[in-house]
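Now for the letters of each chain:
Protein chains: 2
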Amino acid sequence: MKLNILFGGASFEHEISIVSAITLKGKLTGFDLGFIFCDQDHTFYLIDPSKMKARTFSKGEHKKMPKLQLSKGGFVQKTLFSSIKHSAKILNLIHGADGEDGTMAALLEFFSLKYIGPRMDASVFSYDKRYTKYLCDAKKIKTLQYEVLTSNEHKNLTIPYPVIIKPARLGSSIGVSIVKEESELDYALDVAFEFDSAVIAEPFISGVKEYNLAGFMAKDKIYFSIIEEPQKNEFLDFEKKYMDFSRSEQVLKATITDKLVAKLKTNFEKVYKGLFEGSLIRCDFFVIDNEVYLNEINPIPGSMANYLFEDFASSIEMLASSLPHAKRPQVSYEYIHSISKAKGK
Amino acid sequence: MKLNILFGGASFEHEISIVSAITLKGKLTGFDLGFIFCDQDHTFYLIDPSKMKARTFSKGEHKKMPKLQLSKGGFVQKTLFSSIKHSAKILNLIHGADGEDGTMAALLEFFSLKYIGPRMDASVFSYDKRYTKYLCDAKKIKTLQYEVLTSNEHKNLTIPYPVIIKPARLGSSIGVSIVKEESELDYALDVAFEFDSAVIAEPFISGVKEYNLAGFMAKDKIYFSIIEEPQKNEFLDFEKKYMDFSRSEQVLKATITDKLVAKLKTNFEKVYKGLFEGSLIRCDFFVIDNEVYLNEINPIPGSMANYLFEDFASSIEMLASSLPHAKRPQVSYEYIHSISKAKGK
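Going down the list, the protein sequences come from chains P and U.
The numbering used here numbers the first residue of the first sequence as 73 and each following residue consecutively.
The numbering used here numbers the first residue of the second sequence as 73 and each following residue consecutively.
Just so you know, nobody snuck in bad clues.
Any copy will do: because identical chains look the same in the list, a pair fits if it lies in one copy or spans two.
Taking lysine to aspartate or glutamate and the EDC-like style, the derived pairs with C-alpha atoms no more than 20 Å apart in a straight line are:
hint, residue 1, residue 2
1, K342, D200
2, K399, D262
3, K342, D209
4, K212, D200
Because the hints were derived from the structure by calculation, they are not lab data.
All values derive from a computational prediction rather than experimental measurement.
Next comes chain P alone, as it looks inside the complex:
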């Protein structure tokens, strides 16, 4: 199967997207893979697969490779006398802004390319942590209590300490702090507001049980990954997460009861159905007093959470064969015709 991996993007997660793409190259060896890089200035490049190394990008060597232009039905590569259209299905692997905020989804839809990845509305609900809360409230999925801050002026939080402070729209732990007491709050807010104009505060529960579950829908059925209990060091900082994006070894199943497995899957389904079709997502849950709380939706998890799937390549193949596609209305100009007629012209 031909698949073009789209990665990079103008985002704080640009570099981890490169790492993710390199990891997937190793995991999807049975595919006929192409690599399309979106530079931070929004120029697309076709990357020679043999040059898929981190240093190609940090040294700017990609700039010598063919430029691509997004056009109807594909990425077009102009050659001296003609042009080549790269129209295979896309795997959207741009983490953070551009990829997970809905931008790339909109571009791919507009230019009629089929793609693996969250659609626009799914992206908006998962990219901004405030909107994830709205979604969960509407779908009756439990989440931790929260407070939204839109300026770093000192204020009294309604949530008891310790709290965790996160920029509303960034993943990968960027700008996140744990605040143990009020005296540390101002600094944490300054850090978070460096990255976003909206910040979210939640209770920080030391030692809380965490479980990650990924999955995707193909042919009207949800396929789940194994459930992992991720290793914890307070929380994963950016460099840890960075290494995390290059994970490719399958992990062990969490040892939890069937009942809890079922609960986690039910919550995953509530999140996924009717919104995330076309994408492989990872939901990160907390379990407190046997109740499941959604912590975060990763609509494009690092290296697509390959390490959670027993047969990752087959999963991607199934998903790629079952992508939703938007219906477009046919414009008949019947109203303009009828009005012109009524006017007698």
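Put chain U on the given structure of chain P with help from the hints.
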């Protein structure tokens, strides 16, 4: 001021977008206006202002006009030996799909064009009536009770009759029915599901008081239009609405108490702030027992609701001079550098 009006789109509201653009041409005579048409197949054309007539499009005459390509910083028109870049600010006047669903916002952001219109997240929350409910619940704005249907199998509604049935993602009354009793429900659902895979049911309140209020933010202040009590015939059907999009005569203020005016404005602000910056929106409210309920957010109202503004041209000029713009992070490759270093290569 130079302003390019972007209209058309692959949507059920394609034709009313044309009518809207023709109306704005008459209302914004002081501007240096350009007209960029998005055909239903997603080709862009530069329309000769003297040809801005409905029949230009229904007869396909626009196809003889110059094609444009969306590129970094503008719409590019290729000429025989060179190219012209149209990089003026855009007024997004594509109603419905493409324009109001966030697609055009994403494209314009990605290619760094400044534009009047809702941003991607604002679009998602106003385009889909289900998500408008989520937003209102989170922001403590009252709305009518509702039920979401995702298949037209007969079912018992929890809402008492009469009900109004609407496709979740269409404006301009397309596919909308009033259902007076259960025997009429199946037909109404069949109609609505013609247009969307999700349908929303709400109580239909005959003779309910309705008020429309438009506004926009410029330089951190919200500027309100007058409040209109729209004329009612049960509800506006598509042909009525169609005519509505060509309105250009200023309407009379609704005769309501200052207290109600203040309540409507407070609700408008709750909707607008932190989400709709950059756009001129119209909120349609119901008033029941002195309580204000949000019915609908129109993020790109027909002919931009010019008829509600005392000085529409100045309003557009203020808004155009105060557009938000996205910050882009600079990628430094510091993580890749530090990892390469740690690995000793």
